[in-house]
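S.K.: Letter by letter, the chains look like this.
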Amino acid sequence: MMKNAVEVADLVVRRGGREVLRSIGFTIERGSVTGLLGPSGCGKSTLMRSLVGVQQLTSGTVKAFGEEAGAKALRSRIGYVTQAASVYDDLTVTENLNFFAKVLGVNKGEVAEAIDAVDLRSHADVVVGQLSGGQRSRASLAVALLGDPDLLVLDEPTVGLDPVLRRDLWELFHRIAARGAAVFVSSHVMDEADRCDRLMLMRDGVIIADDTPLRICEKTRTDDIESAFLALVEGAGDQS
Amino acid sequence: MNPRITFAVATRVLTQVRRDHRTAAMLLVLPCLLMTLLWWMFEESGAVFDRLGPGLLAMFPFIIMFLVTSVTTLRERSSGTLERLLAMPMGKLDFLVGYAIAFGVVAAVQSALAVALSVGLLDLDVQGPVWLLTVVAIADAVLGSALGLFVSAFATTEFQAVQFMPAFVVPQILLCGLFVPRDQMPTVLEKISDVLPLSYATDAMQTLTRTAATGDVWQDVLVVAAFAIAALGLGAATLRRRTP
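If you're matching them up, the sequences are chains U and B in order.
Taking our numbering, the leading residue of the first sequence gets 1, the next gets one more, and so forth.
Taking our numbering, the leading residue of the second sequence gets 1, the next gets one more, and so forth.
Hints listed in this document are in silico derivations from the structure and should not be mistaken for laboratory results.
Keep in mind that this is a model prediction, so the values were computed, not measured.
Treat the hints with caution; some may be incorrect.
Away from chain U, derived, C-beta distances all over 12 Å, residues of chain B [unchecked claim]:
| # | residue |
| --- | --- |
| 1 | A8 |
| 2 | D20 |
| 3 | L56 |
| 4 | S78 |
| 5 | L82 |
| 6 | P89 |
| 7 | F95 |
| 8 | F164 |
| 9 | V221 |
| 10 | G233 |
Some, not all, of what chain U presents toward chain B, calculated at C-beta under 8 Å [to be verified]:
| # | residue |
| --- | --- |
| 11 | D90 |
| 12 | L91 |
| 13 | V103 |
| 14 | L104 |
| 15 | N107 |
Ideal placement from N, C-alpha and C gives every residue a C-beta, glycine not left out.
With these hints in hand, go ahead and build the complete structure from the sequences.
M.R.: Shown next as structure tokens:
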């Protein structure tokens, strides 16, 4: 089995005359939870869209499991959660999942499993439009879990969630990774950093650090990722 | 294309319509109310109702499906569900044809009611087979859906989507032969009306009321269907998996 789930090389994305991603390259291995941290507007979502194959690239390559991102063969292997909850407001949680399960050709039995995984069983028959923001994004996350994808690309899935639930979801991400999938999660909240096996810090379309959370702190001689981020940014400023 | 996915889209859209009681009620009741209004206006002269009624039966499904589809597709585009679907094993045609089927079904029910009311209670005089009126209406509805899907690609807000209605639909209503028979219009306008699909739908409806021969009607239906397929093709071209 190929070890690398994702291979990105020299990726540049220009949008509206601005370089959103500036020559990014990295690989993601199976079996790990990789966090992408950075302030909002730094290019996280664009990078995630590139991995899924819905972003027009200016140059560079993005491959998943050896195929070009967005290739037909990949579409049932990648679970993707966009930043806005991409579910239908006028359907119930179960109806939403049943629909996406049919599109993916996934057994209906998995629907209940996915709903349980995001702890929405008590709201399974509620119309999504009546749920809270956090519940809606969990419904959206449940869709991405359908069909046991080999790569999960999650754009800020834990925003606005209760700390207990956030912890549970991170445990879920690790269980999914332990099964052999690659999990790629973005967040703009620095305190989620410690939950990742590996961390990529991003700013202004550039990845400024890529290592385990512990080693990033060691290298920058800081105690937490927030300070490490500051140290990295200010250090870069000194050099230029 | 995959029938399982196409069918999934169609049933999902129908569930959404059913869930929204107000929309569902308006889809079914409004055409009946408007037909009744028209009948009432010409209570004294049944001949006018017989002339205008069929055209209106062609127009309702077209206008309503155009509006409903352009707004719902725009919503899919802006809510991220379309992006998610296109990142899944969903063909563009699965999406479009799924929508066309769903709104075709709605149109079938809608026009069956309107036709039954017009012919049964309001004494609309129809020489041809009555069920064929419904077939024309369905073809019309699919055409409206297809055009709605297409224009939704050019709208970034729901306000804009609604504005396409006067741009795309009203000229067709004016030129379809309902107000002035098409052969009595200035030559340029007559030529223009020759390439507008609603003209053929109206022709089909009016032929049905005049004669029992159905050859011309089927020909018109085919033209409308061809327009619908072309619009679906254009709609598919506007669905991009990769967006900037």
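S.K.: So, for every hint listed, does it hold in this structure?
M.R.: Tested hints:
Not every CB of chain U lies more than 12 Å from the CB of B/A8, the least distance being 4 Å, so the non-interface label is violated. With 12 Å as the threshold on Cβ separation, the claim that B/D20 sits away from chain U is violated: the shortest Cβ distance comes to roughly 6 Å. Once the 12 Å rule is applied to beta carbons, B/L56 is consistent with being away from chain U; the minimum gap is 30 Å. At roughly 9 Å from the closest C-beta of chain U, the C-beta of B/S78 falls inside 12 Å, breaking its exclusion from the interface.
The beta carbon of B/L82 is not kept farther than 12 Å from every beta carbon of chain U, the shortest such distance being approximately 9 Å. With a least beta-carbon separation of about 4 Å from chain U, B/P89 fails to lie farther than 12 Å from that chain, contradicting its non-interface assignment. For B/F95, the requirement that its beta carbon stay farther than 12 Å from each beta carbon of chain U is not met, with the minimum near 10 Å. Taking the minimum C-beta to C-beta distance to chain U, about 23 Å, the non-interface status of B/F164 holds against the 12 Å cut.
At roughly 32 Å, the least C-beta separation between B/V221 and chain U is larger than 12 Å, which holds for a residue marked as non-interface. The Cβ of B/G233 sits about 21 Å from the closest Cβ of chain U, beyond the 12 Å cut-off, so the non-interface label holds. At about 5 Å, the closest approach between the beta carbon of U/D90 and any beta carbon in chain B falls short of 8 Å, and the interface hint on this residue holds. Hint status for U/L91 relative to chain B: holds, with the closest Cβ pair at about 6 Å, below 8 Å.
The closest approach between the C-beta of U/V103 and any C-beta of chain B is roughly 5 Å, which is under the 8 Å cut-off, so the hint is satisfied. Hint status for U/L104: holds, given a least beta-carbon distance of 6 Å to chain B, under 8 Å. Evaluation of the U/N107 hint against chain B yields a violated restraint, the C-beta minimum of about 13 Å exceeding 8 Å.
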